[in-house]
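Residue strings, one per chain:
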Amino acid sequence: MRHIVRCAVAGMALSISVLADAANAAVTLEHAHYRFDAATLARGAKLYAEHCLSCHSVRYVRYSRLVPDLGMTKSTVEQTVMLPAGASFDRGMISVMKPVDAKRWFGTAPPDLSLEVRYRGADWVYTYLHSFYWDPQRPSGWNNRLFPNVAMPDVLAHLGGIQDRQGHTLVASALTPAEFDRMTADITAWLRYTSDPSKIKRMALGPYVIGFLVLFAVLAYLLKRAYWRDVER
Amino acid sequence: MHNFYNWVDRRFPFKEIVHEHLTGYYAPKNFNFLYYFGSMALLVLLIQILSGIFLLSHYHASATQAFDSIQSIMYDVKWGWLIRYLHTTGVSFFFIAIYLHMLRGYLYGSFRSPRELLWIVGYTIYLALMAEAYFGYVLPYGNMSYWGAEVITSIIGAIPYVGHWLSALARGGLGIGDATLNRFMAFHVVLVPLILIGLVVLHVLALHRVGSNNPDGIEINDYRRSDGRPWDGIPFHPYYTVKDTFGAAVFLLLFALVVIYAPTMHGLFIDTANFTPANPLHTPADVTPAWYLSPYYAMLRAIPNKAAGIGMLALAIAIPYAVPWLDRNPVRSSRYRPVYLGMVIILAGSFLGLGWIGMQPAAPALLPPARILLGLYLAFFALLPVVSHFEPTRAVPQRVTA
Amino acid sequence: MNGKKDIESVNSDKREFLTVVTTAVGLAGAGLVSVPFVKSLEPDAAVKAASVVTVDISQLKPGMHLTISWQDKPVIIVHRTPEMLATLKETIPELRDPDNHAPQQPPYCDNPYRSRKPEWLVMARVCTHLCCTPLFEPNKGSVAPGWLGGFHCPCHGSLYDLSGRVFKNVPAPRNMAIPEYEFTDDHKAVKITGMWPKAKLC
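Protein chains in written order, with our numbering: chain F, 1 to 233; chain Z, 1 to 402; chain D, 1 to 202.
So here's chain F without its partners, still in its complex pose:
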């Protein structure tokens, strides 16, 4: 039953995004600059836990994998990332917001963001975080240039400042633009990781696998040539 509700709610949320798809074409995406390394991802994990995890799960990512993948210690993970009530080290990063409450507060359940970067692209997510503006006509007061009529409020407003639709500053940001860019890039990098944690392993193993195959290809070529010498063309 719960799953049907979740599906229906997700369906409504996604059907809103159909309208967004049409509007998307107008907004050029800003490019997220980040280095995909353990330090960035650890920062991103902490930022995500602080600002996003209370509403948005990344349920496929278990807290425990942050230790081998990101090089964090178990206690750091427990103290800085495992923030939702009832979080368990071996289980996924789940928001404890009940769909019923979410529906009441936002009109729709905040979606799970595990695969968001794979689905929309890193630059889309980054630009999204930079595209909120104050819109008194919306029930929450917030709107987003990249995702019109989004139900989500600007949770980073206290750090990134508030703009109106034209981009004029209504409230100055607490962070410098560079700091805000860095922060949102870290969150984007984190979501890139949650979309595909294998990237870390792939990058680490890649040179060895390719090196081995190059060696094998060279040997196979020498072997082929040793036989084909006989064949007059």
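Hints may be right or wrong, so weigh each one.
As the list claims (entries may be wrong) - Distance windows between CB atoms, simulated:
#1 Z:I317 x F:G211: 38 to 46 Å
#2 Z:G349 x D:G31: 42 to 50 Å
#3 Z:D178 x F:R225: 22 to 30 Å
#4 D:A24 x Z:E116: 42 to 50 Å
#5 F:E78 x D:L85: 52 to 60 Å
#6 D:V21 x Z:N3: 22 to 30 Å
#7 Z:P338 x D:L32: 45 to 53 Å
#8 Z:G24 x D:K200: 53 to 61 Å
None of these hints come from the bench; they were simulated from the model.
Note that the Cβ used here is the ideal one computed from N, Cα and C, for glycine as well.
Based on these hints, arrange chains Z and D on the given structure of chain F.
Chains Z and D in isolation, oriented as in the chain F frame:
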């Protein structure tokens, strides 16, 4: 060791098989780059079966659990991400190999007598492969899986008289759901793989019966030494086993580069819309099939009438079966038939162009080029009987050239 | 003529050498590639997470016990009283392995109490003879005269003390296994995380 072989050979035609299909099978010595792709396709088939078995060990065929089971493979199963990426990359490499393999067939007249049956079996393998890819694509039950299933089963519904019944058979219900997933899994894991393996065996047996063609299109068996060995032939083992090993090494190198550094190939090998679960209430903005099916999709979109479009699609997919009988020229290979070569280039080019169009969102501006390319594609088959009868040809050598 | 023969034999040696080397490297590669496939069948993170069970012990007063099913095995948690703990010294002469020589417990339970905290016993309640579930007999004299308290297996009569340590002259060969566990920060629950790999359950 020698005694062991003898022991087996008395009880099983081991030496006979090795001789007939490997050490005593004489293949032309002038195989070029395009001749790698038959054995490369076999290699990919092996990769798909192996990776598929291990994916199946973790997959749940249920509408509520399928998507999560794929994510569980990607996140929780040890090395699950590798097995999954091997399987998705394998699909694309399979089709690349098959398309190049077919191109070779068109270019050098490998479908000509006495290889008509070989061509028919091979083309059936291609169709079975498309079915296999389609069933497999639905299993992860992402949003594109769902809507792809919806669209294709609807197309089946357009077949006169039996369409609706067939569509219900395919779906197992009114819409796409649990029943669909379960039967698609049975088809994808058992039915079509068995058909594929059987067809591949028939394909190789048919090939060995008539002998391989070559880029010059001449029969090497027409010119033999006194002991019966063709002048221009070399035993498959060791020459082509060794050459194919090298081919496999390069192929695997490219394969590994994709799996490691670009597994989704920016949405081409794994569609981005499939990274969100199936949603019956939300159709993705563009329901496009995977790249290897996109030429046919472009053809379908080019015809505004539903029944006519489907009829034309069926024709376009089935017409290559007739090629061995459409080509009337005594010369086989396009190397000595410049007009035919031009036609093959146009065929390949229009197929590629249609493929590109099929991957774009539907746009009115794309209709004229799609129709032109579809026309060119069909024209190859329509004109071949006439053109092949009258076209000028170059002198064909008696012995193979490089 | 000689020269050609030499080239031929060199060619043949070269072929053989390259065949051997290429085959060896190829087989090595195949071997390496098979490792992830085999490993993918090992219990994955989801199974491991499901295997972590947290048991609420806040209601267990001294002398009380509870048994849960963990991975289809019974695990008993006993809140031992000081009297119970005192018996652990007295049973020593009758025990097969009072000093935990056999690695039936994680290192942090390598003590007479076979636990992290003396009063809490967390143990796989599986008889090391043939896997029956022994009866918990904490009361003195309940099994036989002189019985100080412990476990008695009804299947073949094996006996254990209140730390699960096996008696001499009974069919069971080892002390009962202690799983890996930890207490939650507020000590209101025990989190059982896995079997101690070196322990033999039965």
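Hint by hint, here is what the structure shows:
{"no.": "1", "hint": "Z:I317 x F:G211: 38 to 46 Å", "verdict": "holds (43 Å)"}
{"no.": "2", "hint": "Z:G349 x D:G31: 42 to 50 Å", "verdict": "holds (44 Å)"}
{"no.": "3", "hint": "Z:D178 x F:R225: 22 to 30 Å", "verdict": "violated (56 Å)"}
{"no.": "4", "hint": "D:A24 x Z:E116: 42 to 50 Å", "verdict": "holds (43 Å)"}
{"no.": "5", "hint": "F:E78 x D:L85: 52 to 60 Å", "verdict": "violated (32 Å)"}
{"no.": "6", "hint": "D:V21 x Z:N3: 22 to 30 Å", "verdict": "holds (28 Å)"}
{"no.": "7", "hint": "Z:P338 x D:L32: 45 to 53 Å", "verdict": "holds (49 Å)"}
{"no.": "8", "hint": "Z:G24 x D:K200: 53 to 61 Å", "verdict": "holds (58 Å)"}
When the structure is compared with the earlier hints, violations turn up for hints 3 and 5 and for no others.
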